[in-house]
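Number of protein chains: 4
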Amino acid sequence: MTQRTTPQRVEGTSRIEAFSDGVIAIIVTLLIFEIRVPALTDLSNPGVFTTLLGLAPKFISFAVSFFTVAIFWVNHHHFFSRVTHSNWKLLWYNNLLLFWLAVVPFTTAFIGDHPTQPVVVSIYALTLCLAGLGFTLMGSYVFFKSNLMLESVPMSERQREWRRSWLGVGLYGLASLLAFVWVYAALIIVAVLPFLYVVPNLMRETEP
Amino acid sequence: MTQRTTPQRVEGTSRIEAFSDGVIAIIVTLLIFEIRVPALTDLSNPGVFTTLLGLAPKFISFAVSFFTVAIFWVNHHHFFSRVTHSNWKLLWYNNLLLFWLAVVPFTTAFIGDHPTQPVVVSIYALTLCLAGLGFTLMGSYVFFKSNLMLESVPMSERQREWRRSWLGVGLYGLASLLAFVWVYAALIIVAVLPFLYVVPNLMRETEP
Amino acid sequence: MTQRTTPQRVEGTSRIEAFSDGVIAIIVTLLIFEIRVPALTDLSNPGVFTTLLGLAPKFISFAVSFFTVAIFWVNHHHFFSRVTHSNWKLLWYNNLLLFWLAVVPFTTAFIGDHPTQPVVVSIYALTLCLAGLGFTLMGSYVFFKSNLMLESVPMSERQREWRRSWLGVGLYGLASLLAFVWVYAALIIVAVLPFLYVVPNLMRETEP
Amino acid sequence: MTQRTTPQRVEGTSRIEAFSDGVIAIIVTLLIFEIRVPALTDLSNPGVFTTLLGLAPKFISFAVSFFTVAIFWVNHHHFFSRVTHSNWKLLWYNNLLLFWLAVVPFTTAFIGDHPTQPVVVSIYALTLCLAGLGFTLMGSYVFFKSNLMLESVPMSERQREWRRSWLGVGLYGLASLLAFVWVYAALIIVAVLPFLYVVPNLMRETEP
Chain A
1 MTQRTTPQRV EGTSRIEAFS DGVIAIIVTL LIFEIRVPAL TDLSNPGVFT
51 TLLGLAPKFI SFAVSFFTVA IFWVNHHHFF SRVTHSNWKL LWYNNLLLFW
101 LAVVPFTTAF IGDHPTQPVV VSIYALTLCL AGLGFTLMGS YVFFKSNLML
151 ESVPMSERQR EWRRSWLGVG LYGLASLLAF VWVYAALIIV AVLPFLYVVP
201 NLMRETEP
Chain B
1 MTQRTTPQRV EGTSRIEAFS DGVIAIIVTL LIFEIRVPAL TDLSNPGVFT
51 TLLGLAPKFI SFAVSFFTVA IFWVNHHHFF SRVTHSNWKL LWYNNLLLFW
101 LAVVPFTTAF IGDHPTQPVV VSIYALTLCL AGLGFTLMGS YVFFKSNLML
151 ESVPMSERQR EWRRSWLGVG LYGLASLLAF VWVYAALIIV AVLPFLYVVP
201 NLMRETEP
Chain C
1 MTQRTTPQRV EGTSRIEAFS DGVIAIIVTL LIFEIRVPAL TDLSNPGVFT
51 TLLGLAPKFI SFAVSFFTVA IFWVNHHHFF SRVTHSNWKL LWYNNLLLFW
101 LAVVPFTTAF IGDHPTQPVV VSIYALTLCL AGLGFTLMGS YVFFKSNLML
151 ESVPMSERQR EWRRSWLGVG LYGLASLLAF VWVYAALIIV AVLPFLYVVP
201 NLMRETEP
Chain D
1 MTQRTTPQRV EGTSRIEAFS DGVIAIIVTL LIFEIRVPAL TDLSNPGVFT
51 TLLGLAPKFI SFAVSFFTVA IFWVNHHHFF SRVTHSNWKL LWYNNLLLFW
101 LAVVPFTTAF IGDHPTQPVV VSIYALTLCL AGLGFTLMGS YVFFKSNLML
151 ESVPMSERQR EWRRSWLGVG LYGLASLLAF VWVYAALIIV AVLPFLYVVP
201 NLMRETEP
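Chains as they are written, first to last, in the working numbering: chain A, 1 to 208; chain B, 1 to 208; chain C, 1 to 208; chain D, 1 to 208.
These aren't lab readings, by the way, just hints derived from the structure by calculation. Keep in mind that this is a model prediction, so the values were computed, not measured. Hints may contain errors.
The list treats identical chains as one, so a pair stands whether inside a single copy or across any two.
Said to hold, decoys possible - SDA-like cross-link-like pairs, simulated, lysine to any residue; straight-line CA separation at most 25 Å: (1) 58 x 160; (2) 58 x 167; (3) 145 x 46; (4) 89 x 153; (5) 89 x 60; (6) 145 x 85; (7) 145 x 50; (8) 58 x 115; (9) 145 x 114.
Please take these sequences and the hints and turn them into a complete structure.
Next up, the structure:
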């Protein structure tokens, strides 16, 4: 693979990582601002408890989104730890990923307001599907079509990570459709899916 | 301790530090946005003074939260200055800490509105208790169960820092319960506790 | 060029890059917060779809601004990758650029509310024109009047980038005026222009 | 100066700089969010112009605060470029500075609403006076009482920067008092003062 057939590459990825860290840090931190402090009418302890209980859907959607976006960050961290160069295509795949992640605070606030409305659940899952797609496209490019990654990363590992990435896209896409049929099944997928990605590269752990 | 029995570790912690710096910087900066600019009805100087005086509970809760979260940052800074490697477990202990810190702007705005309501004070203290717990669990793992820290950090120092970390968890937990019995005692603990942690590692200062 | 005739320079640009990354990361992330979560009156699926469709102008202006500011970042990244030193003049040219970019969330929200109002469209384009001007002035200084850039960057490349930068200023300026005559033409320029700048330095790609 | 008599110091200041960059980047970027997008009742061009003209005090206070906080950043950048080590005292002087800077968005929004109300102008100036005081105290410590700075920085330069720092504190303090006597004089000081600090260290420029 020569430099002539691919876009000009630049050594180092520290600024692309810093920018992504900034965007993702802001997203996870601002999620809490979608939970407005409630106006308390009944100031007795049971009254306040009841009011807080009413915020449960918002808090749960905040927590799910926080950890989902955090998982994107952990995988981003793992992904870029082996990328040695950048070029403008990589920058734009990354910006596409960040664009869809930036929409998450909106869909999180929306699902917090209407946790069982099918359209609302569907666009929540769709946004994560598209963010996952952005990541997967970036993976396709870096793993198979560029010379930006450490050559020592074996093809088997690249393919495993890439398939795993597609799995997330597929499941979020499924949840997005399922929302119109059985909204609770979609909610379960959306809440459980992050756990499958807690370990950036599960398989590697079991190898010597 | 070999790499086989522990998750795969990666050299360097710069991105985990950058991400944490970003999240914590956003938290402390956004706290001020919970103090809404008051609509002034009486534009005379005494009238404006009176309006500003009414913001005192909000300003005090802003200041306490700012310095409390800043202390978490200072201790995070000190903690990671001796961590040389990261793995996915460390990433998740850190994310758990950041999750609870991210809730602080919500509980700060809430306590600013209702500074003596027991439930409100209790969840303010509880959030900090849980953030402290996240830090302590991260400490337990890094100090005693992983090979991520400089081996030159003596066991006595690890144990001292770890006990000190538990002390904070305990006192915030106590404040969280005490709020229902004697709310002012809980408020005093919450306001005074940060000062005990101003120096990242008090003991070390007195040693040669 | 000697140091005596120019302001004292300092080696390295990492902090100016980090600060710019922070500001730009916050701008692109906060754009979404200008789209308020709609209050749903009709909770049927078609009702929610209709409400979401009504948000289309806001979503489109969010997307255009996100990618426009992202392009500024990509070009900033490319520009600074060859800057080796900084001085106070560079800091202030950069701050001027960041100032106008910081206004973009305001004009984005405004154009999202009134996508065909001539004055609103004009100030949207004007803000980007001024941000582009800030970048161009920084370029003039660094390319031609300072000793802050790698000497190996050839004069032909400097001039090409500088002309390209002026082109953006001119087209945004044109859009700003055109808004009063034919608002849709201005909107088209504003939406299409970013694509011309997707590649930081298009010409270089075609060279051997 | 030995390590025994001063707090334990740690090499490097990159995290303290990164955290400060984050906080300051967020402050300057969020200032724009205090200017709410106006609800337009008259959609004719002159009507929109008139509405925008009514935002002038808010835009001017945004611009003054943006550049004032940017100047703090530029001076922070210059200051830390010669600091080689950190200890917990430095962390806390820096946190004190950041605390008062974090209040600036509040006072900026307030002065944007009531640009000639004496109390409002006074607390705007007072906040900057206290931020300046935080910087000056940090300077006193680092310049004269610690071993954290490059020894090659001459005493004459330290004293010049320190005096200059006090000058800012004094003038903002003066503006804070003057607001009650002659509010326009206070406004002029607040608007003009930043320009005196545009160059981090004016004197050095004139030396060979």
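Checking against the hints above, which ones are violated?
1, 2, 3, 7 and 9
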